[in-house]
Amino acid sequence: MHEEFLARFRAIAPSVEGWSLRIVEERMESVATRRDVPMPCSLRQDRGAMIQIWDGGATGYAATSDLSNEGLRRACERASDWARATRGRTVAEAGTQPIATASGEYASNVLRPWDSTSVAEKLDLLMELSHALHPDPRILDWSAALYGERIDSLLATSAGGHIAQRTEIVMPMLSVVANSGSHTQRRSFGGDAFARQGGLEILEQTGFTSAAPRVAEEALQLLDAPNCPTETLDLVLAPDQMILQIHESIGHPLELDRILGDERNYAGTSFVRLDMFGSYRYGSPLLNVVFDPNHASELAGYAFDDEGTPAERQYIIRDGILERPLGGTTSQNRAGIEGVANARASSWNRPPIDRMANLNLELGHDSFDRLIAGIERGVFMQTNCSWSIDDSRNKFQFGCERAQLIEDGELTQVVKNPNYRGVSATFWRSLAGVGDASTAETLGTPTCGKGEPNQLARVGHASPTCRFENVDVFGGE
Amino acid sequence: MRDYFFNLAERLCGQIHADEVLLCSFSGEESDFVRMNKSAVRQAGNVEQRSLRLELIRGRRHAQARYSLAGSLAEDEPMFRQALADLRIRRDASPEDPHFLYATEPHSSEEIGTNRIPRAADALDAVAEAGSGRDLVGIYASGATHAGFANSLGQRNWITHHSYNFDWSFFAQADKAVKESYAGFEWDPGTFEAKLAAAGERLRVLERPIRNLDPGRYRVYLSPGALWEIVELLGWGGFSLRAHRTKATPLLRMVEQGAHLHPSLDLREDTAHGVAPPFESSGFHRPDQVPLIEGGRYRECLVSPRSAVEFDVATNGASGSEAPNSLGMSAGSLATENVSRELGRGIYVSNLWYLNYSDRNACRTTGMTRFATFWVEDGHLQAPIPAMRFDETLYRMLGENLLGLTRERERIFDPGTYCERSTRSAHLPGALIDDFTLTL
Chain W
84 MHEEFLARFR AIAPSVEGWS LRIVEERMES VATRRDVPMP CSLRQDRGAM
134 IQIWDGGATG YAATSDLSNE GLRRACERAS DWARATRGRT VAEAGTQPIA
184 TASGEYASNV LRPWDSTSVA EKLDLLMELS HALHPDPRIL DWSAALYGER
234 IDSLLATSAG GHIAQRTEIV MPMLSVVANS GSHTQRRSFG GDAFARQGGL
284 EILEQTGFTS AAPRVAEEAL QLLDAPNCPT ETLDLVLAPD QMILQIHESI
334 GHPLELDRIL GDERNYAGTS FVRLDMFGSY RYGSPLLNVV FDPNHASELA
384 GYAFDDEGTP AERQYIIRDG ILERPLGGTT SQNRAGIEGV ANARASSWNR
434 PPIDRMANLN LELGHDSFDR LIAGIERGVF MQTNCSWSID DSRNKFQFGC
484 ERAQLIEDGE LTQVVKNPNY RGVSATFWRS LAGVGDASTA ETLGTPTCGK
534 GEPNQLARVG HASPTCRFEN VDVFGGE
Chain L
29 MRDYFFNLAE RLCGQIHADE VLLCSFSGEE SDFVRMNKSA VRQAGNVEQR
79 SLRLELIRGR RHAQARYSLA GSLAEDEPMF RQALADLRIR RDASPEDPHF
129 LYATEPHSSE EIGTNRIPRA ADALDAVAEA GSGRDLVGIY ASGATHAGFA
179 NSLGQRNWIT HHSYNFDWSF FAQADKAVKE SYAGFEWDPG TFEAKLAAAG
229 ERLRVLERPI RNLDPGRYRV YLSPGALWEI VELLGWGGFS LRAHRTKATP
279 LLRMVEQGAH LHPSLDLRED TAHGVAPPFE SSGFHRPDQV PLIEGGRYRE
329 CLVSPRSAVE FDVATNGASG SEAPNSLGMS AGSLATENVS RELGRGIYVS
379 NLWYLNYSDR NACRTTGMTR FATFWVEDGH LQAPIPAMRF DETLYRMLGE
429 NLLGLTRERE RIFDPGTYCE RSTRSAHLPG ALIDDFTLTL
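Protein chains in written order, with our numbering: chain W, 84 to 560; chain L, 29 to 468.
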């Protein structure tokens, strides 16, 4: 069908310096239960096209859900109008944005397709889990859900570019709310972090089908737990908090469009400057971070970004030293610095901007026991539930669902309402231990917000458990 | 667009069986977006999008789906014949839904605004001129937004607005900037010029050397824009009946322990004075106003049709998230022109940023100051301060430590454009607060 739309477009494509057509078709289905009641099954089918025109040294875009001949023709006119209206008024010349020449394909590796089980069978599984989520009357709310999404895209250009990609995603979710008087605690199956590319095999790979009793038990534990202490301690973060730490205080500050000022009115700027790349000590020598679009089953894998640039694995931070930013070809041309293939659009109705994609912290050599063995007094925190960071991505404060004290090298008491705060520019230099593969998880989130107009992106993060020294931690009121 | 939607709905309703009910909801926009950086255009373009949500019902079984639309019957109608067949299969495979509710008494309505907004290219001229000689960054968004509802019981609802929202900042240095917005339905050059002039004045203060502050407790003035960030966060479960009945609300201490805010504080969902549609996707109409907090005490919740059945309470047409769309807070008695004098020695906060809960049970929130935030002494703006983190409970900041609210209120139109242009808005005063805790 996409080839048919492309043929329609070619027939009416204007005679200009260049054009691109990006068709995106998404099909999303959700199946959910709440308090042992099946929620109505929900389906979303979305399809549209983004047309970009290069003309007279400027570019303009138009997006439409009308893929008829007339709809595409009108969109071409609107994109051309914007190219004309902005000629000579742009922050960067049109030539900084490439017209893709590459051709290729990509598809997620799927073992058990989403449609290999019926809606009724998915509901049966969720009901079984739902029953296991409330073993105690203090659990007042509980839910189980499955989301499946398939995204097909075609990028074609006047320069011969032709890129077809299919992404399939499954996201399992469990959560419970437990209450005792005026005290409520929530525990979840990793927040929304267990989103991955693939099929229903993800449910077994992530432990979803057996997690319900533990999630419920841990919520009840938190009701009886004391508050996290207010102290400066060694902090050990589980992967389902590490992904937030990586996302907010490495990923966002290294986005090249932020550094170039595009985001200053909304998502913010960055404490990182262009002159820091190649020499700035971002973290301790244990810190190694890679942009890895090829990581198997991670949420934001792809072969080409939405500007048509082939995507390759690159070191972003090596041995603690900052190497390159997260900037796509347009941003690289504007800044005169090498980056990665991360110009991405949330869908057909938004133009590409610099996004994180898969940003991973490389494995170390310590088992979990070795990570905590040398800690006299510390805290182990799991599962992000609160995130806040300044517009330069420096001063942060994050909260977790659950924590345990570490005393004399061993996990001891569970504590509630754990929070910690710090400053990105110095926090990563306190990285004192990096876990091995046995401590690691491949996770991701579908809701990274940024851009004007606003865009939600799917991003992946894989990380081991990590230890940080001398961090300010605190609890609730 | 209205005629197209009603025609399509009519045809779809004609294809259902005698024992079925069909609900149709429409959403669409024709928008221009001009993104600016360094007073020049970064990206400019146009988005036309339309989507239709269908819910096919038989008894207590139902299934729902949302589809993008081309906008012509020739293109769309064949797809929907298949869609109805698919929905029947899904619905009949689903169990009965004990919490399902939809409007059965037709209540039709129509509101079509006049198009008085400037051509986007003309607005670009004004925006470019405003940025001349300055470092302007932001976005101009304009065009029509549409929402509609139709069902097989004969109800028809439609709303169209033509609006613009220019959300921008003038930067002085690093992250020091004055943020402003100019939004509405009719562009008035005089109003725009006045906003530019006021922003320019504050920009001059931002050029002064930064005054560093230690963490501690400070007297602060929160502008209406800063207060909006706080009440927006409360929308995450604060007014939801579902969150209240499952004890997940951040206002649990108001509900369980009689905690209260300052007696001068009234907060309501003010649909009558907002721009969000007065109807929701099951066909229920929203009342003009729902009192949420009155005299500092909790009054009512926002109740979706689903929660209404689950908890045996009447619905007030809230969406599934039970979050407010059109918040209104009563004015106080402080004259806005005197807030620096009333503040005396403290911090003038124009904007807050990135709020979240740090202790949900205590409704303790954390967040950052951002943009034009100034140290005030002797009633005058003295110097910009660096971005500072706060961590404070709602009960302290809008309760025991609230010194007053401004007499004048500001109407704030959400510049948000995730997926589509937002129709949320708020009408809020500024707030003078004592002992506001800064932590980092």
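Simulated from the structure, these hints should not be mistaken for laboratory data.
All of these numbers come straight from a predicted model, not from anything done at the bench.
Among the hints, a few may not be true.
So the derived label-pair ranges between C-beta atoms look like this [stated by the list, open to error]:
no.	chain 1	residue 1	chain 2	residue 2	range
1	W	Ser450	L	Arg109	24 to 34 Å
2	W	Glu552	L	Gly212	29 to 39 Å
3	L	Ala113	W	Gln288	27 to 37 Å
4	W	Glu459	L	Arg88	54 to 64 Å
5	W	Thr315	L	Arg325	37 to 47 Å
6	W	Asn310	L	Glu221	44 to 54 Å
7	W	Thr315	L	Asp114	50 to 60 Å
8	W	Leu194	L	Glu428	56 to 66 Å
9	L	Pro106	W	Ser450	57 to 67 Å
10	L	Asp150	W	Gly139	17 to 27 Å
11	W	Glu560	L	Ser100	20 to 30 Å
A short, non-exhaustive set of chain W residues, derived as facing chain L with CB atoms under 7 Å [claimed, not checked]:
no.	residue
12	Ser125
13	Arg130
14	Asp149
15	Arg161
16	Gly171
17	Pro220
18	Arg221
19	Leu223
20	Ser263
21	Leu488
To give a feel for the contact side, a few chain L residues facing chain W, derived at Cβ under 8 Å [what the hints assert, rightly or not]:
no.	residue
22	Ala68
23	Ala121
24	Gly427
C-beta: ideal position from N, C-alpha, C; glycine also.
> Going back to the hint list, which numbers does this structure go against?
Replying inline: Checked against the structure, the hints that fail are numbers 1, 2, 11, 16, 17, 18, 20, 21, 24, while the rest are satisfied.
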